Amino acid sequence: MITHKYRNYVMEETMMSETYETLVGILKDLHEDVDFETCETLIDDKILDSFDIITVITEISNEFDVAIPADKIIPENFNSAKALAALIESLEED
Amino acid sequence: MLFTDSAFIIGLVVLCVTYFLIPKKFRWMLLLAASVLFYAYSGLSNLLYIAATTVSTYFVTRKLDAMAGARKEYLAAHKSEMKREEKKAYKEAANKRRFRLLVGLLVLNFGILAVIKYGAFAMRNMNALAGLFGNDNAFPIPQFLLPMGISFYTFQTMGYAIDVYREKYPHEKNIAKLGLFVSFFPQLIQGPISRYDELSEPLYAGNGFQPRRVLFGTQRILWGYCKKMILADRILPAVTVLISDPEQYYGVYAFLGILYYMLQLYADFTGGIDITIGIGQVLGIPLAENFERPFFSKNITEYWRRWHITLNTWFKDYLFYPLSVCKPMLNLSKWSREKLGKTIGKYVPVYVATIAVWFLTGLWHGAAWNFIVWGLMNAVVILISERMTPLYEKFHAKYKWSNTRAYDGFQAVRTTLLMGCLRMFDCYRDVPMTFKMFSSMFTSFNFHVLWDGSLMKLSLTGWDYMILLIGTGILLTASLLGRRGSVRKMVLDRSPVLSCVLTVAMFLAVLIFGAYGIGYDSSQFIYNQF
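Chains as they are written, first to last, in the numbering used here: chain A, 1 to 94; chain B, 1001 to 1530.
Derived by calculation from the structure, the hints in this document are not laboratory data.
There may be inaccurate statements among the hints.
Unchecked claim - Straight-line distance between alpha carbons at most 35 Å, and here's what the computed DSBU-like set of lysine-lysine pairs gives:
1. B:K1096 <-> A:K72
2. B:K1400 <-> A:K28
3. A:K72 <-> B:K1334
4. A:K46 <-> B:K1398
5. B:K1088 <-> A:K72
6. B:K1072 <-> A:K28
7. B:K1339 <-> A:K28
8. B:K1339 <-> A:K46
9. A:K46 <-> B:K1316
These numbers were taken from a predicted model, which means no experiment stands behind them.
Model the full structure from these sequences, guided by the hints.
And the structure:
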């Protein structure tokens, strides 16, 4: 079971990574006016819609060679750049 | 059986009273018995179809869970001795077996739906094709009676099976309880399409009697009957007249037909859903909302987020996302990127999946080309609107007046009219005729029909128009008030007496202003045909 504390720790680590930097670049290409480094409600506040999500997944597949499965498309994974970067890294490790 | 049948209303009252009188542990059984009875009333043979869906889903999801359990046990037992690659290969092989089983279930159930609902349509098209080669009527046209709610319960049940496959939750161990989830009677007419993790707990719990909840539920039911019987059924004859004779009713009539049909469809569908959700609320079973004031939408994408929400989220979760992110689609994107450029490659999955989803959404609404064209036209408008988004953003940034309430209103009217035009495919059920009637609105200027008494010859009297106008006004006011929260709660908080008066007023309104009369037969709910 992943605790919140551990999850936050992983996300803090993730923020430093190259994955995170590249991901923020991909997101900025979609919505340049959004501060992806601080925003944690990308889905809840409807900043990213379903089209954006698929475009981001396509870009991630191209940049990182990681396929995000449909069952991972949940608000928890897409609400912030940090959470999404953590998902990419966990899929890379699998 | 319709919600408007007296047998249904009497049965519902008896059910609700009995539900709260019997011990809690038997309450879900009562609901199951009521659901089976309700379904059997529509035709005993129909029970076979819903039973086939329940039984096949039960055994397959049980096996899916068992396979997932065995996989986890094996991996835990061999944790130390297996290398990472070996674990990965084992997981993939195990998931592949589970996936094949799931596909078998989906093929069986969507296959039943396809044969019954689309068999005749497919054969007619095959015959048309064979006719081109001089082989007329080569294929026999199958004749099946469409079991009530088959599209709704099939989608709901397959959504549950996919979630079990994805290990979102374990399968339902009691087949009778699964049967209740599949067949819960208020949803069978026209949805909403519920999710197992949201519905199962209150459905099986046997909820206690809460006067406030029962009052709100009753008010919601009555509000639904008001919409259905005062507005939808009253305007139905005029819609029928307008679309049944396009040679006579074109130009301004076609435009009026759009407005009348939009009102009929909205009042009919949301009225039915209000009754469904209200029944759930009386019984303490919250059902998913299916509408969120769709006619206040600023664009068509937003409209589809607020109209028939549960069907659209079903398509999004179980078709749009899986199709967009599947390996062949990502490979197609990479290929397009190399051959056609970065921008096109980036959007290929979105475009292909959107067109596929809307093709199927059209097909879901009916086995006819007009529905398919309607679905594809929606896809085209959505994709154009999506590509235009940067332009809209620049426009709103440059012109401040475009950020006012008045402009929001203009956008809402524009979206409503655009959706109305698309609904013409649904109305006329004939693609060339729809285009002809659409163009007639811009070429035939028969405005005189608005004041020369012609409107009184559309099976509507002045009394009918007055009721429709007042009713639509009340509907709009309730929608506007509803933006700030539950109107029923606001009224009750202000005055319990007023709340009771409102309940009685709605009841009397249905009795007095509902569309009745000698030979009158309350019409079928539109979405029940789907």
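Taking the hints in turn, this is what the structure says about them:
For the suggested pair B:K1096 and A:K72, the alpha carbons sit about 18 Å apart, so the restraint of at most 35 Å is met. Between B:K1400 and A:K28 the CA atoms are separated by roughly 25 Å; this keeps the pair inside 35 Å, and the hint holds. At roughly 21 Å between alpha-carbon atoms, A:K72 and B:K1334 fall within 35 Å of each other, so this suggested pair holds. Using a Cα cut-off of 35 Å, the hinted pair A:K46 and B:K1398 holds, with the two alpha carbons roughly 23 Å apart.
For the hint pairing B:K1088 with A:K72, the CA-to-CA distance comes to about 18 Å; that is within 35 Å, so the pair holds. Annotation: proposed proximity of B:K1072 to A:K28 is violated, straight-line Cα distance about 39 Å (limit 35 Å). At most 35 Å may separate the alpha-carbon atoms for a hinted pair to count; B:K1339 and A:K28 meet this at roughly 25 Å. Restraint check: the Cα-Cα separation between B:K1339 and A:K46 comes to about 33 Å, which is no more than 35 Å; the hinted pair holds.
Between A:K46 and B:K1316 the alpha-carbon distance is near 15 Å, which keeps this suggested pair within the 35 Å criterion.
Figure legend: structure checked against the earlier numbered hints; the only hint not met is number 6.
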